[in-house]
Each structure stands twice: as C-alpha cells, then as structure tokens.
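Visitor: Can you build the whole structure from these sequences, using the hints too?
Protein chains in written order, with this note's numbering: chain A, 1 to 173; chain B, 1 to 173.
If you're looking for bench data, these hints aren't it; they were derived computationally from the structure.
Worth double-checking, as some hints may not be accurate.
Copies of the same chain look alike in the list, so a pair counts if it fits in one copy or across any two.
Once the Cα atoms are required to be at most 25 Å apart in a straight line, the calculated DMTMM-like pairs of lysine to aspartate or glutamate come out as [as the list claims (entries may be wrong)]: (1) Lys79 to Asp69; (2) Lys79 to Glu100; (3) Lys152 to Glu99; (4) Lys79 to Asp46; (5) Lys162 to Glu100; (6) Lys152 to Glu100.
Protein chains: 2
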Amino acid sequence: MKRLTFLLVAAATTVCLITFMASAPGQPDGQSAAPYVTEIPHGYRDWRWISSTHEAGDLNSLGAILGNDVAIEAYREGKLPFPEGTIIAALHYRNVPSEENNRVFGQAQSFVPGAPTNIQFMVKDSRRYAATGGWGFATFTDGKPADAASMKSCFPCHEKAKDTDLVFTRYAP
Amino acid sequence: MKRLTFLLVAAATTVCLITFMASAPGQPDGQSAAPYVTEIPHGYRDWRWISSTHEAGDLNSLGAILGNDVAIEAYREGKLPFPEGTIIAALHYRNVPSEENNRVFGQAQSFVPGAPTNIQFMVKDSRRYAATGGWGFATFTDGKPADAASMKSCFPCHEKAKDTDLVFTRYAP
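Guide: Below, the structure is given as structure tokens:
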C-alpha cells in the first residue's frame, strides 16, 4: 500500500499538469464542471519541446515536456506567472534499454521510451482553477482521465514550486 | 585514451546526425564542400519532438530528438528511406539530479537536463552525402562543428541501422 501510494504520488507529482477543459455542454459560463482537467488538449503532440525527464527508481520513466505556443513564449521570455491559456504537457513512457543501440555501443547504456504510461497536463485558467493555484491538472492513462481522488495529490506537491508558479520543469536551452 | 575513444565514438554514435549545409559561397553547384555538415540548421529548436534519449554510464546524458516537418511526416507515415530534406536533430545535455524534484519525491530519483553537451544532426541529401549513405552528419559543441577526424566515426556506426535508413531513433507515440 505504501508503495502504491508512493507511485500514485510520484506519477501525479513528476509533472502533474493540467489540460484545457472546454465548458461542458449546457454548463453555464463561469461554473467549473470539475476541479481538474478531463479532456485531452487538441494537438498537443505537435507542440514544441520544453525539456526531457527521467525518473529512476520504481517509476523508471523517460519522457518529454511539451508546451503550447503560450507556454513556449512564456518560458523563453521568462514570464512569471505563466499567462492565461498556458498548457504544458508531460508525455511519460517506460525507460527501457535499447538493445539495438547497445549492440553499437558494445555495452548496456542506452535507454529509450518504451510503452507509454501516462500523459499529464497543466492548464492555466485562473478563474476556473482558482482553488488549485490557477492551474488545472490532468492525468490520462490510455486516453482516460484519472479519478478525482488521485487528482487531489497534484496541487499539494506543485504548490511547493511557488517561485516558478507551481511549475517544476525548466526550459532546456 | 581508450576512454576518450569510447566517449568520442559514443558521442558520435548516439544519434550522430546531419545538418543542412547550404552551398558554400562560390561553391559550384553539385560540389560538396565537406563530407559532413558544418552549419547549424536554422530554427531547429522550434521543431517537433520525435523522442527522448538517455545514455547511462560515462556518457550520462539526457536529451531530445527533434525533426523538421519532412522528418515528422516521414516518421508518422512510416516512409523509408527518409525523403530528401529530412533533418533530425539530437539535443544532448548532462543527466543531472533535480534536487527540487527529489525534495518533493522524498528520495533521489529525478533527473533533468543539465549543461548542454552537444547538438547533432542528420541531413538527408543523397547527392551531396552519397559517400555516407545519403546522410550528412554533424556534431556541434558550443556552436562549433566537430573536426573532420571525429566525424569519420558517424557513418560506420549508423550504417548498422540499414533497415531504418541509418536512423536509430524511433518515433515516440
């Protein structure tokens, strides 16, 4: 149980990010349908690269952090807090050895993204997500959003990165 | 010396890629000025993400593979060989622990890109780089191209990836 809790917290923490949630059909403007993001932002796989991530240990992940245009511009210009409309995506995969690369190297050293594990988002919408620091967080596994209970762990961890508007990832030059 | 050779081969191999080399001024069309790429392709930092890389051991690197539009389209459509004009970029950094993330995790497990080490490119130009499988390779450190001697190690390693047109990196979904 302790290990499960750790994995859940770790998964939610690494880059626990948000997703743009369009107003739910029939939802009066200004009312938040959920305290986190439940729809995958359109076109995220075409966004530009912010940085790469590697978590060792039980998580054993390798991935990338991508950002929409608002995010990239904010990072490059050092804008803090991040502007409304910023979306940051974290694509996570198993960190697996590349047998092909290792044959070339002549030793086991090369790791590549294996099976996808989850995709996480942070969406900046200060009004909708006021209760979680202005960020809506999201975790999708096989395209499905995480349940409400597990999403509660995002904000308490990200809150520790107050100096960078709750965002852990730095822009890689 | 053995370690140095290994590092050079490793650095040149991981993703030893090419760069688009515009015709040198005064160079008659059709004559290749160098057997590898000596100019950094314009705008590569805005290209889309293909995959992430992690090399353990002495290399200890973390990075990203980006591609220009021709490269991304070819990957997504499974085009092999890669079309003329394909450019693949490999951005390498030291794989360093993130103290900030580790404090949140409560243990040492999180790694992020540290100081940049080099940027490598592969540029598909079958005529210009006929002698190296149609690919021009490039390694830039602090913006400067590697010397001719070290660039000789790119093609012999990449040649081993004949089934994928000399490209080791797979597209991460």
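Visitor: Which constraints among the numbered hints does this structure fail? Numbers only, ascending.
Guide: none
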